[in-house]
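Going line by line, the protein sequences match chains Y and G. The numbering used here numbers the first residue of the first sequence as 695 and each following residue consecutively. The numbering used here numbers the first residue of the second sequence as 298 and each following residue consecutively.
In case anyone wonders, no lab produced these hints; they're calculated from the structure. Hints may be right or wrong, so weigh each one.
Derived, one-sided and incomplete: chain Y residues facing chain G with beta-carbon distance under 10 Å [as the list claims (entries may be wrong)]:
no., residue
1, 695
2, 742
3, 979
4, 999
5, 1008
Reference listing, derived: stretches of chain Y covered by chain G, where coverage requires no fewer than 3 residues with Cβ under 8 Å from a Cβ of chain G [stated by the list, open to error]:
no., segment
6, 961 to 974
7, 985 to 998
8, 1056 to 1070
Just so it is clear, the structure is predicted and the values come from calculations on it, not from any experiment. Ideal Cβ placement from N, Cα and C applies to all residues, glycine included.
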Amino acid sequence: MDLADSPAEAAYRRLARGWLDSNARHAPADRVVVLVADTAPFRAWQCRLYEAGFVGITWPAAYGGQGLGQAELAVFASELARAGVPGPFDMVGTSAIGPTIIAHGTEAQRVRYLPKILRAEEFWCQLFSEPSAGSDLAAVRTTAKHRGGGWEITGRKMWTTHGHQADLGLLLARTDPDVPKHEGLTVFIVPMSAHGVIIQPLRLMSGHRDFNEITLDHVELSEDAVLGEVGGGWPVALTMLAQERFHLVAGLDQMGLDIGSLAASVARSAVGGGPVMEHNAAAIIADLHALRFSSYRALSLITRGRQPDAGAALSKITAVDAVTRACRFMIEALGAEALDGQWGELLAQMPGLQVGGGTREMLLSAVGERVLGLPRETRADKDVPFRELELADSGRPGAQR
Amino acid sequence: MNLEFSREEKELAAAARTALAKRGTVASARAALDGDQLPDLWELAIRLGWPGVLVMPGCGPDGPLLPGLAAAMLLHVECGRALASTGLPGHCAVVAAIARHQRHEAAAALLDELAAGVVRGVFVPPVPGSQPGQWKIQACGRAAGELPAAAGAGQDAEVTGSVTMVPGIAEDARLLVPVRRGDGAVGAAIVDGRARGIKIMTERHYDMTTSVGSVEMHAAPATMLPLASADLRRAWDVMQVLLAAEALGVCEAALEMGVDYARQRRAFGRPIGAFQAVKHQLVEVYRQMENVRSLLCFAAACAGTSAKEFSLACSCARLAADRAAECATRTCMTVHGAVGVTWEHDAHLYFRRAEAARLLLGGASVAAGHVTSESARLAEEQIAEGSAPGEKHAREKEET
Chain Y
695 MDLADSPAEA AYRRLARGWL DSNARHAPAD RVVVLVADTA PFRAWQCRLY EAGFVGITWP
755 AAYGGQGLGQ AELAVFASEL ARAGVPGPFD MVGTSAIGPT IIAHGTEAQR VRYLPKILRA
815 EEFWCQLFSE PSAGSDLAAV RTTAKHRGGG WEITGRKMWT THGHQADLGL LLARTDPDVP
875 KHEGLTVFIV PMSAHGVIIQ PLRLMSGHRD FNEITLDHVE LSEDAVLGEV GGGWPVALTM
935 LAQERFHLVA GLDQMGLDIG SLAASVARSA VGGGPVMEHN AAAIIADLHA LRFSSYRALS
995 LITRGRQPDA GAALSKITAV DAVTRACRFM IEALGAEALD GQWGELLAQM PGLQVGGGTR
1055 EMLLSAVGER VLGLPRETRA DKDVPFRELE LADSGRPGAQ R
Chain G
298 MNLEFSREEK ELAAAARTAL AKRGTVASAR AALDGDQLPD LWELAIRLGW PGVLVMPGCG
358 PDGPLLPGLA AAMLLHVECG RALASTGLPG HCAVVAAIAR HQRHEAAAAL LDELAAGVVR
418 GVFVPPVPGS QPGQWKIQAC GRAAGELPAA AGAGQDAEVT GSVTMVPGIA EDARLLVPVR
478 RGDGAVGAAI VDGRARGIKI MTERHYDMTT SVGSVEMHAA PATMLPLASA DLRRAWDVMQ
538 VLLAAEALGV CEAALEMGVD YARQRRAFGR PIGAFQAVKH QLVEVYRQME NVRSLLCFAA
598 ACAGTSAKEF SLACSCARLA ADRAAECATR TCMTVHGAVG VTWEHDAHLY FRRAEAARLL
658 LGGASVAAGH VTSESARLAE EQIAEGSAPG EKHAREKEET
């Protein structure tokens, strides 16, 4: 058991470090945060990374990637952190949308969209969640109706990261309300500039306008906007979500958070603070290192061609919990004015991270069922056509189950 | 990066699980509460090679820190699962202290005997202070005292002093005692538990499988070994991490019991494990357990490569493991409802083990203090070296 690189990893690390040493000066001064006002320097930096072969590291070479493995991706991520520079700007596109298009798209779609994701020429967002479908994502109500030679989309989407800056969106909509909810879904590619797409910013408790609410009012799409099969949207959405979960812990890093330096800050503030402070600090530090090694354990499996089980996603709970306690600890140590600084800001971001990619309760149930083998909850909507559920939800008469 | 356990390591653990199940150690733990003698597992330990588990080829003055630690951890997880009382954490601590001194004749001879199980080792643990090289005697709820004193020159000495809360202490063993030498420096004495001037008292509190005790030494004859403070510190760290591994085993057993019951017990027309209130409690146990497993990997990875963070990793693991064991054993009882608090059910055996074991080596307060001071020390060291993450780029930005 050791943390040392294999010879191939070591060679790749030398390559990455060498390139970063001579190119880090071109990087934008800030880390990627969820919201960036001026995207130009970040897009330029992604383009430079791409030209050097550091974007789409795991993508097949045929689509502009490097055809390398998760091990190389991890090595590069750790070298980015070491150099203190941001990675690719369009994380949604490069880490989730791209692989989903590779898995489910037609050759024409791959050729059309993938190169521009890599070069940050087109920026993507995900149009999945809705005001009444979050944890229960398969209950989306946005409808897509087949009209003439294309599709017409009507509905509302919520919590759309980058919605106001995106050129394209990946949309989950209902094409058939007469079958059970998972079966009547289809995924579409939507140009955000299309007529009828209305974007409104959504301000979060942290003060950031990270998210958007998107209204789709009779938006017309062509036939080739469908990704995957008509009625086969759920497997496409699952591919996308699996990629997203996979990158959630990396998301901490994107908030400008480095586990090692966070643990160091907590430790240095606790020394000499008495046994209660030391005990609180130690519990936080232990959790942070557990987080670090949980991700190494997952990585160690992945680099050996195996998948970590659903339990690996519990790291999100540990992360939110430990970082929240760390922020509160630092604020106690530094005084009330620290609430208005970086610690208060990070603290206010944690409840949002908690919900990202699924609520705590959804995650706990999934792990209980898939990993511990506990029985599933009884589901009232099983095998019921979606149309009947919808009627029941809106409380109209005649809805019976 | 490789954080997988090897095939040999897993095989050792599987063999341990089978052997301990055959010996019926959980039933023995119960019988001991009713007054029966706990069976001695040392013969079994020798037969399966446990006393020498830390001593691997390549382990020596120039090799990696402790290549056998991963195997030792998996073995201790099994001992915790089965509520086995082996005295192995203290024995392994003694082995860890001297494993790098094979060029010293007396140390090498003792190491051979310990590894073969011909003699048992007991670590008489003081507590490392906040600075490297600093030691104090401390036990949960008791005031700090002085290290035992060693008088005499050369290899032979006489040791005087007393230490309480010594895990796994036995007369039939060699005690490794950190001592204060005449010149004020910290030294390491080996004392035979049956020698003159030694009085050993064993106690078992609350849980019969966790043995602690005290030792009083009045001019007891001892052999001084040329160990540095770092060797004693390594012994203490190894004992911490092996106690963490045992606690993880307790968690595993308690979680399995809870999950099995939640799948089979029905109420309101469905298995109780289908209710979120029950399910989520069990997943919380699993989450804490997996965090402990990650911290054990942290320690094992450090032990394979002599990394600086070894001591930090061991205490992090101990702190998290005791917390997880508390959560696991209490949740196990909660899920079982009233059945879980009966004498007949095994749940309380694990609860007792967790509650008694968590007090060893100064318990959570000492582990927490160590995590904090060690973490702060490493941070200062990193800043002094200018190797903190992101620092390089930040400096360059400032310069340009």
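Okay, the hints, checked on the actual structure:
no. : hint         : result
1   : 695          : 5 Å, holds
2   : 742          : 15 Å, violated
3   : 979          : 5 Å, holds
4   : 999          : 12 Å, violated
5   : 1008         : 4 Å, holds
6   : 961 to 974   : holds (count 7)
7   : 985 to 998   : holds (count 11)
8   : 1056 to 1070 : holds (count 11)
The earlier numbered hints that this structure contradicts are 2, 4.
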